[in-house]
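A.B. asks: Note that the protein sequences, when read in sequence, are chains A and B. Just so it is clear: in the first sequence, position 462 is 504 by my numbering, and no numbers are missing. Just so it is clear: in the second sequence, position 4 is 46 by my numbering, and no numbers are missing.
One or more hints might be untrue.
Stated by the list, open to error - Computed cross-link-like contacts, DSSO-like style, restricted to lysine-lysine with a CA-CA straight-line distance of at most 27 angstroms:
hint, chain 1, residue 1, chain 2, residue 2
1, B, Lys289, B, Lys386
2, A, Lys451, A, Lys289
3, B, Lys437, B, Lys386
4, A, Lys289, A, Lys301
5, B, Lys437, A, Lys204
6, A, Lys204, B, Lys231
7, B, Lys437, B, Lys460
8, B, Lys204, A, Lys386
9, B, Lys289, B, Lys301
10, B, Lys193, B, Lys231
11, A, Lys231, A, Lys289
12, A, Lys289, B, Lys231
Said to hold, decoys possible - Pair by pair, the computed Cβ-Cβ distance ranges are:
hint, chain 1, residue 1, chain 2, residue 2, range
13, A, Gly334, B, Pro70, 57 to 63 angstroms
14, B, Ala227, A, Thr52, 23 to 29 angstroms
15, B, Asp361, A, Glu155, 30 to 36 angstroms
16, A, Ala305, B, His214, 26 to 32 angstroms
17, A, Ala156, B, Val58, 29 to 35 angstroms
18, A, Asp449, B, His214, 29 to 35 angstroms
19, B, Val58, A, Pro358, 55 to 61 angstroms
20, B, Val215, A, Gly174, 48 to 54 angstroms
Derived by calculation from the structure, the hints in this document are not laboratory data. Glycine included, every Cβ here is placed at the ideal spot set by N, Cα and C.
There are 2 protein chains.
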Amino acid sequence: MTSRDGFQWTSETGLVQGVPSIGVISPPSNIAGVGPWDIIVVGSGYAGLTATRDLCLAGHKVLLVEARDRIGGRSWSSNIGDYPFEMGGTWVHWGQPHVWREISRYQMREELEASFDFSRGVNHFQLRTNEGESIMNHDEEDTLLAAALGKFVDVDGSMGRKIIPYAHDAFHVPEARQYDTKSAADRLKEIATSLTPNERTALESFVLLCSCGTLETTSFFEFLHWWALCGYSYQGCMDALISYKFKGGQSSFAIKFFKEALATGNLSYSFNSPVQSISDQGGNVTLTTRDGNQYTGSRLVSTIPLNVLNTVSFNPPLDFQRASAANTGHVNQCVKVHAEISNKDMRSWTGISYPFNKLTYAIGDGTTPAGNTHIVCFGGFHNHIQPEENINATKEAVQSMAPGNMDVKRLVFHNWSKDEFAKGAWFFSPPNLLSTSLDALRSRHGNVLFANSDWAVGWRSFIDGAIEEGTRAAFTVTEELRGSSKSRSRL
Amino acid sequence: MTSRDGFQWTSETGLVQGVPSIGVISPPSNIAGVGPWDIIVVGSGYAGLTATRDLCLAGHKVLLVEARDRIGGRSWSSNIGDYPFEMGGTWVHWGQPHVWREISRYQMREELEASFDFSRGVNHFQLRTNEGESIMNHDEEDTLLAAALGKFVDVDGSMGRKIIPYAHDAFHVPEARQYDTKSAADRLKEIATSLTPNERTALESFVLLCSCGTLETTSFFEFLHWWALCGYSYQGCMDALISYKFKGGQSSFAIKFFKEALATGNLSYSFNSPVQSISDQGGNVTLTTRDGNQYTGSRLVSTIPLNVLNTVSFNPPLDFQRASAANTGHVNQCVKVHAEISNKDMRSWTGISYPFNKLTYAIGDGTTPAGNTHIVCFGGFHNHIQPEENINATKEAVQSMAPGNMDVKRLVFHNWSKDEFAKGAWFFSPPNLLSTSLDALRSRHGNVLFANSDWAVGWRSFIDGAIEEGTRAAFTVTEELRGSSKSRSRL
């Protein structure tokens, strides 16, 4: 099946909108009756899929409403010629508890593979700056980044351990909040004299790879939080953030949740159904889609992302703090571009081109069935591009990562910035958003619960955080409805 | 409530068998009808509790049969004067996916605390050997152990990363199996000349703290597996193995699973009900207790630990490889003794006394309501003791960890070696057991499924592994029974 989402370019086809994905659901609706349902879940990313599955397993009648033609939200893969290109969230790790519990439960533990393969080919790191170019081996790359990151995060003489001792309770130490008033740029000023030019370039690129904002819009606290989650080490960051992915792509994982929910017999769903409004009155929640369909449930779980929360009309209106936070939004405008290139030796290549280039960080990510090398490139709001608007400029940005070695055969990407149902990629906080608004974002609104990785407490921004949030919503609703006549009557 | 399990000694009471625990279930049975049940679960440790809860949530009628008077199996806490003493499995970490998913789901994230507190007091590490004594600060302790462990595990020039790159798929690299033919003693011989005397003492003590066997009976592969799980670093080991525990004790966590299962209305249970035999015939499984009660279900999930599996009669008999593995057994004969001592300054103390002492590794673990210091001490099959048999010898072993500084007010412990339902503490493999028998231990036996941390693939031996296994069993059974008339008829 082909999704409306995503773009692909080859010299033969030119730019084409829409790419194939096993996450496309057909037929797009299975609604038989008119409801009411026990619970309506809005959104079928991992938060919505998890909530839906857990609620269906617990015997509740669930209606899943999704704007897109596919599951997965900001994490989905396109299988092109049997090879998965990850359009959004990609990497997972066994130190991420919620996602790993699911990988283990679905017995997919052996379906992971490593992005990096340094066993053959050029086997080097290419650092391109305004001043010139350095080629290093990967050990030198690790040493450079570990040193630079160490200086950045060492606010307490313990590499951040004293400030965030509990990675899943990041404000446990009250002093942690002060770091949310700082941006990455603020922190860089404090340590500027201690950094070599290459350390500074590598550090800025790495921070921007995480936030995909600018240094000024990146909360230093949130970076420290990521660092704590990754075990307070550069090696831990590499392991957790960018190393292990599904052989079959993210959609091969997401579909497990959907199919399990469907198999319970408790799932109704409607894709291609963007939400217009959500009204919580008289003890029931009524959802109205843009095309005028109305559905009613006793509870509604909204997994609408932060940056688009204010595009849906709520009645009663959202509280001021939540609405303000949504208005501020997160800052991640990631530009992730996959390139299939003919040079096999680039499989073991990594590179940073910064700050001059439109894409800044890239790695060899696989070998395609045609024997070509798959390179994944990242850019963000720094030198931001809309990759489909000028495909030649996008191709040039890829080529500029490693001049002469990027013979581009194919480009694949999803423009998250122009995606009306996301308006950005994974959550990354600007200064002062989390310390003021996290509790409000996590709170309920009458019979409406909000679940999204954007306000998870652990691996916020990650697939793990989405599952954390979906689990929380389903648990809360199941506890709440237990013993109510509505749910008992079915047993 | 007071459990039959455990021992407590004070000078006022002398040695008393049985200690209070919130994990004791009263009344011990709620069986109303005569069955049959959908599923019988044997054992209410975390594997059994997880399987029970997940199956009850999925709408199955479950009978939980437990030999003891309490939940928790090899992980339970006694609350004495409002202070929890952990009788078995204690520490958890957010890098342990299955247990952390549950902590997160039960919203207990903020109910953890650190065992170590180096903020005041003696703040040192005391290393006592046959040759003499050294006092070091904790940084020196870390440096010593990190160096020694590094030499031990560095079989590949990458600290074990190349041999076990996937910690939850530890035989992914076939060469890993060769390390299961080696014991810790074998590996020590290879690196003996590279170790300083203090490094050797610290290393042997640490390895024995993990296995609680002898160096000869400790599989080197299994130690490498722990190392991989802990992120290939000494700091990672400390974080994951011995740092974070529940403020209210393990039983405050275990009871959540039990209560949630009970609240579904799908749980029948019978405590004080040791199992005599399990018979799988005619499509149903019949369990007979020692006191002659018989219960029937369509599936049975056995969480009986490896070391006692052969005490239950199975019909048809267990396959040869599983029965042989159970006959071999694991090697962990941990002796864990809690001591309440009057010296407040010992809160920040850690110590190793090896090889001469009956207890070898200890740390300051808390401050009791009386203001005393709580020290937890570990011994194992090396210099093994039965701590209740000669309580003065046990007290002397505690005192010998830090002569002159251990004014013992109270001792609390569970003798796992004499526990007929465990015959040992957490699983630790002798050489050649895992590489030959892990698949057999994980396999089903007709309508009987086996779930226990002893044969988990990830955090085997840990609470995490128990939850992994309970999750696996419930998932398998739920998928299998879905669509059967038996389970559909209730919906």
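A.B. asks: Now, for every hint given, state plainly whether the structure supports it.
C.D. replies: Here is how each hint holds up against the structure:
1. Restraint check: the Cα-Cα separation between Lys289 (chain B) and Lys386 (chain B) comes to about 19 angstroms, which is no more than 27 angstroms; the hinted pair holds.
2. Among the hinted pairs, Lys451 (chain A) with Lys289 (chain A) is consistent with the structure: their alpha-carbon atoms are about 22 angstroms apart, no more than 27 angstroms.
3. Distance check on the hinted pair: Lys437 (chain B) and Lys386 (chain B) sit about 18 angstroms apart at the alpha-carbon level, within 27 angstroms; holds.
4. For the hint linking Lys289 (chain A) to Lys301 (chain A), the alpha-carbon distance of about 19 angstroms falls within 27 angstroms, and the restraint holds.
5. Taking the CA atoms of Lys437 (chain B) and Lys204 (chain A), the gap is about 36 angstroms. The hint is violated against a cut of 27 angstroms.
6. Taken as a hint, the Lys204 (chain A) and Lys231 (chain B) pair is broken in the structure, with Cα atoms around 39 angstroms apart against an allowance of 27 angstroms.
7. For the proposed pair Lys437 (chain B) and Lys460 (chain B), the alpha carbon gap of about 19 angstroms is at most 27 angstroms, so the pair holds.
8. In summary, the hint linking Lys204 (chain B) to Lys386 (chain A) is supported, as the alpha carbons are separated by about 23 angstroms, within the 27 angstroms threshold.
9. Between Lys289 (chain B) and Lys301 (chain B) the CA atoms are separated by roughly 19 angstroms; this keeps the pair inside 27 angstroms, and the hint holds.
10. A distance of roughly 12 angstroms separates the Cα atoms of Lys193 (chain B) and Lys231 (chain B); the hinted pair therefore holds under the 27 angstroms criterion.
11. Annotation: proposed proximity of Lys231 (chain A) to Lys289 (chain A) is violated, straight-line Cα distance about 42 angstroms (limit 27 angstroms).
12. A C-alpha spacing of about 40 angstroms is found between Lys289 (chain A) and Lys231 (chain B), which places the hinted pair above 27 angstroms, so the restraint is violated.
13. One distance hint, 57 to 63 angstroms for the beta-carbon pair Gly334 (chain A) and Pro70 (chain B), holds here, with the actual separation near 58 angstroms.
14. Range check, Ala227 (chain B) to Thr52 (chain A): Cβ separation about 60 angstroms, and the 23 to 29 angstroms hint is violated.
15. For Asp361 (chain B) and Glu155 (chain A), the hinted distance range of 30 to 36 angstroms is satisfied, since their beta carbons lie about 33 angstroms from each other.
16. For Ala305 (chain A) and His214 (chain B), the hinted distance range of 26 to 32 angstroms is satisfied, since their beta carbons lie about 30 angstroms from each other.
17. Taking the beta carbon of each, Ala156 (chain A) and Val58 (chain B) are about 55 angstroms apart, not inside 29 to 35 angstroms as hinted.
18. For Asp449 (chain A) and His214 (chain B), the hinted distance range of 29 to 35 angstroms is satisfied, since their beta carbons lie about 34 angstroms from each other.
19. A beta carbon spacing of about 60 angstroms between Val58 (chain B) and Pro358 (chain A) agrees with the range 55 to 61 angstroms that was offered as a hint.
20. Checked against the hint of 48 to 54 angstroms, the C-beta distance between Val215 (chain B) and Gly174 (chain A) comes to roughly 40 angstroms, which is inconsistent with it.
In summary, the structure is inconsistent with hints 5, 6, 11, 12, 14, 17, 20 from the numbered list given earlier, while agreeing with the others.
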